[in-house]
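**Q** Here is how the chains run, residue by residue.
Protein chains: 2
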Amino acid sequence: MEARELDGLLISSMPNIRYLTGFSGTSALLLVTANQPCLITDFRYKTQAGNEVGGIARVMIESQSLWSGLWRLIPEVFTARTIGFESAHLIHRDFERLQDAGKQWHWKPTVDIAEGLRAQKDADELILIEQAIAVATGALQSVLPLVRAGMTESQIAGMLESALRERGSESLPFPSIVASGTRSALPHARTSSRAVTNGDFLLLDFGSVVGGYCADITRTVVIGRCDTRQREVYEIVREANARSSASVRSGMSGREADAVARDFIAGAGYGEAFGHGLGHGIGLEVHEAPRLAMSAEGLLPPNAVVTIEPGVYIPEWGGVRIEDDVYLGGEGSRILTSFPRELLELS
Amino acid sequence: MEARELDGLLISSMPNIRYLTGFSGTSALLLVTANQPCLITDFRYKTQAGNEVGGIARVMIESQSLWSGLWRLIPEVFTARTIGFESAHLIHRDFERLQDAGKQWHWKPTVDIAEGLRAQKDADELILIEQAIAVATGALQSVLPLVRAGMTESQIAGMLESALRERGSESLPFPSIVASGTRSALPHARTSSRAVTNGDFLLLDFGSVVGGYCADITRTVVIGRCDTRQREVYEIVREANARSSASVRSGMSGREADAVARDFIAGAGYGEAFGHGLGHGIGLEVHEAPRLAMSAEGLLPPNAVVTIEPGVYIPEWGGVRIEDDVYLGGEGSRILTSFPRELLELS
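In order, the protein sequence lines correspond to chains A and B.
Going by the working numbering, the first residue of the first sequence is number 135, and it counts up by one from there.
Going by the working numbering, the first residue of the second sequence is number 135, and it counts up by one from there.
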């Protein structure tokens, strides 16, 4: 804060608040000062905030509005002139509150302060991510043998999500994608009531959460026997995944990491069919810094955990994505997802 | 737009975009003009946007940034001077883009334009909400007989979520809350690995989604036999729920609706223990307009669907919440959740 010439910093992003204080509720403001930080939340979280935040921050329970709590709090805790806020998280309406009810202070936009800290995982965080990955891969392992032609995507997603819960996932970090047949060509398909049939690609993209930390995994399998073109496309994606995981390092730019997969897929003739970025950080959020994409000039920090998820999507035919979670450690990278990447044909 | 002196309106809230165009992806901007609206999204949604939006809006696919697409689009489609934006949804960083790259136009904050339309459900929307409610109540009905002392909250949540999927829920609108024993006293508990035991309250707050529309339901049951105090607290909440559902009407303020439950619970001596609002609208989002709370002065619009969810929470002892979904029709209100509200003792 000193380097940025801030007397204090207002944090309004819930994942950032959780990272800094341990508070896991859905509504709060955190005021960080040189002394003790203060968390403002509402009645629903009275007991929880006390338990979770403990001595890390003072907790204020506000029955009406978090903002009226903030206006009372600031003069109580310091003689602030300049207070930072999170430009990428504060909505315009709340920015107007700063300009209006908070006009006696100077408000300065900041970006990526907490996000930069969060991108570099410590040992405890890595353990939780690895536990979440074990939950996710275990659930997939238990469910794939039960998948049969005739089941709907939604039924398969239900089996998978139940297995995730059974193994201890606290919630689902995003709606699981179970997409079959031509629907697998939609990179962000929603799970539908379509019944899977023999010869379909079945793409499963799902996550799990342990101790607040996320795993994010995708596998694509075939129901019954694959045909030649399915095998060809699958192997291109598998090779792109393998090359990327083997070469990704902290210190590379997100663009360089992305280019490994992109150039390989383009060289195989499918450049147009890989239209999304190679990956993203995972942690308290399932999409967080850093980004691995054509437009990501930033360097990948040490100790980040990122997804490597190349894909090839051919409209009206089908798509393949293979997504692993990779730790960018000091002595090279390590693939955290041990689930097989060979094409599985479900009999 | 004419009444608000706007030449166009930039919609950045995804649920609002879905409401106005049918597009269900996770990343887009919508520019509404007097002529054809235009949806800007990215590669991942190329096929999906074409299918979902059809003739309602022109679709633009942007490979780099939605914003650079917007700057190209505006001069192409109209001679705009003043364009509205959504103050409650646009983050400060994107507001700065409007002031910077978009500075040749005048940007005017708006609130609740699409939200106001969304609060009043039409017949098709009501049907989808009723289907989502049927999925949710059916799932609860199928799972409660399987709950046994010794199961963990997480296992019970897994069974419930699997049943929701099995019955056709497209996703989970929020992480299901399964909270037992003293944890039921946390109004927004997370599901944990705690095993339920005889004599526990078991609170289940969960939702389902059909055609994009949400149901939101809570029931609280007892594992084994309830004791006198559990019965007493439960009956207070049940009566508060019944009185509220019977009296809530469009045209009342959210505060008046809330007061029915609040006054009853306070009269029974538990006023301090009901610290959240009575309810909220449901639709494409599981929390949307209108609000039913002490601070909600706005009138409840006709054809809204709202939750009625009084609760009593006693720290270190336990809590009860009973939540129904109620339609505020022209000829009086109608409770949509048919699941029993009597205290169930699971043997």
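One thing to keep in mind: the hints can contain errors.
Identical chains blur together in the list; that is why a pair holds if it fits in one copy or across any two.
Under the rule of at most 20 Å between Cα atoms (straight-line distance), these lysine to any residue pairs were calculated in the SDA-like manner [claimed, not checked]:
#1 Lys180 - Pro436
#2 Lys242 - Leu232
#3 Lys237 - Arg152
#4 Lys180 - Asp361
#5 Lys242 - Arg231
Derived from the structure by calculation, the hints contain no laboratory data.
**Q** Does each hint fit the structure? Answer for all of them.
**A** Status of each hint after checking the structure:
Taking CA atoms no more than 20 Å apart as the test, lysine 180 paired with proline 436 passes in neither setting, with 37 Å inside one copy and 35 Å between copies. In the homo-oligomer, the alpha carbons of lysine 242 and leucine 232 lie at most 20 Å apart both inside one protomer (10 Å) and across protomers (18 Å), since each shortest distance falls under that limit. Taking the shortest Cα distances, lysine 237 and arginine 152 never come within 20 Å of each other, neither inside one copy (28 Å) nor across copies (36 Å). For the homomeric pair lysine 180 and aspartate 361, neither the shortest alpha-carbon distance inside one copy (58 Å) nor that between copies (26 Å) is at most 20 Å.
Taking identical chains as interchangeable, the C-alpha atoms of lysine 242 and arginine 231 lie at most 20 Å apart whether they share a chain (14 Å) or sit on different chains (16 Å).
Checked against the numbered hints given earlier, the structure breaks hints 1, 3 and 4 and satisfies all the rest.
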